[in-house]
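Spelled out, the chains give:
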Amino acid sequence: MDITLPLTDETVEKLHAGDDVRLRGVMYTARDAAHRRLVEAIEKGEALPFDIRGQVIYYVGPTPAKPGQVIGSAGPTTSMRLDRYTPPLLAAGLKGIIGKGGRGLAVREALKQYKAVYFIAVGGAGTLLARHIKKVDVVAYEDLGPEAVRRLEVEDFPVIVCNDIYGGDLLEEGKARYRLSVP
Amino acid sequence: MRDIDCQTIKETVARLCQEATCLLPEDVLQALKQARQKEESPLGQKILDQILENAELARKEMLPLCQDTGTTVIFLEIGQDAHIVGGDLNECIKQGVSEGYTKGFLRKSMVERPFSARINTQDNTPPVVHTEIVPGDKLRIQVMPKGGGCENMTRLAILLPAEGKKGITDFVLRAVEEAGGNPCPPTIVGVGIGGTAEMAVALAKKSLTRKVGQPNADAETAELERDLLERVNALGLGPQAVGGRITALAVHVETYPTHITSLPVAVNFQCHSARLAEAVL
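In the order they appear, the protein sequences are chains A and B.
Numbering follows the working numbering, with no gaps: position 114 of the first sequence is 114.
Position in the second sequence (first residue = 1) + 1000 = the working numbering.
Simulated from the structure, these hints should not be mistaken for laboratory data.
Just so you know, not all the hints are guaranteed correct.
Here are the simulated DSBU-like pairs of lysine-lysine, each with C-alpha atoms no more than 35 Å apart in a straight line [to be verified]: (1) Lys1211/B to Lys1033/B; (2) Lys1206/B to Lys115/A; (3) Lys134/A to Lys1165/B; (4) Lys1060/B to Lys1166/B; (5) Lys134/A to Lys1060/B; (6) Lys1165/B to Lys1060/B; (7) Lys1165/B to Lys1038/B; (8) Lys135/A to Lys1046/B; (9) Lys1211/B to Lys135/A; (10) Lys134/A to Lys1206/B; (11) Lys14/A to Lys134/A.
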């Protein structure tokens, strides 16, 4: 399935856990330090450095770009570390997240409540994923260096729906499907 | 006595950092290809295809396989008849890492003041170095860039001796299950049994330097490895934990004698991007 970003309610309603999806359009990068600042801004009632409504955040800290490269290797980082910052961002209108690994209960509930989707990209496929990133601009928190918020333009960016708005959870469902009992 | 020059060590470490992060070892590639043959889950197959394609692209263009180019873990085997000349061994290894990560456009992920300011050291130093003195006059250097995703899932338990093999099996399976997709399965599960607490963890990590799936030389330990691998894969987590047959490429177990009252067991994962490069000087 091909999807154009940013996301709308109509699009997220069509997505189900396990769907193999290609993303096209704009997304934003943010890791631990940027998340801390975004959530602090929300708590203080300040404006966020970009309009988060309908947007997708990609949990990534790329390697430095070599000369001639748009971006260095750029695969997903472990999402669990950002769990504590995620519900306030979803409440502010964030519609999609890309990372790797499972999410805690509070995040899974917030995804349903705010109608947002959690995607996974293949962890460790950094060179491959970087080829789908066509343009990179720093848009906030430049002082954070590699952890600054960047605006990415992507084409055919491969992800899988992990948690949908209906409570579907690929990791739980997948494990149950392939589990065997060993005496 | 044989002289080994510090400058050579530094240059070798710098080269190994770049090779390890960009070139997936042949044994890992073969293990991933076999996993692709065995995997039944359609999503799992697609993930393995992306992993294999990624390895090919990285090799062709000498680009980092993964953005997390890791803590630089280095294993040194120093021959007792080798004589290191022309500088401070620890310093030249550190300089080699700095040079490798800077010139190789690798990500610098090390922070000092770990519980407070967490300031990036800007060149991925210091490495974590494990040194062993062995017979001979050579120096063997293995560089293992270790990503945070898998390293953070490390587990240690000091079991009661009565818990035995069953206790170890349950502990390993729980570690794999709780780690889920975080260590980037299919992983290599390193298991250290015996010694003391810190030694069990070191054994688990050292086991990851073995060729993937190469059994332990001890028959009983090799049997435990086979049994653990079957049970780990029966969990059904699969590639990236989306569900599937291949959760681990291999389980490697290393053991050491332990105290009469103890049964330490540690699990240290290696992600599918099982990066390792070595040289012998």
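Verification of the supplied hints:
As the CA atoms of Lys1211/B and Lys1033/B are separated by approximately 15 Å, the hinted pair is consistent with the 35 Å bound. The hinted pair formed by Lys1206/B and Lys115/A fails the criterion: a straight-line CA distance of about 45 Å is larger than 35 Å. Our distance criterion of 35 Å between C-alpha atoms is broken by Lys134/A and Lys1165/B, whose separation comes to about 52 Å. Note on Lys1060/B and Lys1166/B: the hinted pairing is violated, with a Cα-Cα distance of about 45 Å set against a maximum of 35 Å.
Proposed proximity of Lys134/A and Lys1060/B is supported: the alpha carbons are some 20 Å apart, at most 35 Å. Between Lys1165/B and Lys1060/B the CA atoms are separated by roughly 44 Å; this puts the pair beyond 35 Å, and the hint is violated. Taking the CA atoms of Lys1165/B and Lys1038/B, the gap is near 28 Å; set against the 35 Å cutoff, the hint holds. For the proposed pair Lys135/A and Lys1046/B, the alpha carbon gap of about 26 Å is at most 35 Å, so the pair holds.
Distance check on the hinted pair: Lys1211/B and Lys135/A sit about 39 Å apart at the alpha-carbon level, beyond 35 Å; violated. Restraint check for Lys134/A and Lys1206/B: not satisfied, since their Cα atoms lie roughly 40 Å apart, outside the 35 Å limit. Taking the CA atoms of Lys14/A and Lys134/A, the gap is about 26 Å. The hint holds against a cut of 35 Å.
Going down the numbered hints, you'll see the structure goes against 2, 3, 4, 6, 9 and 10, while the others check out.
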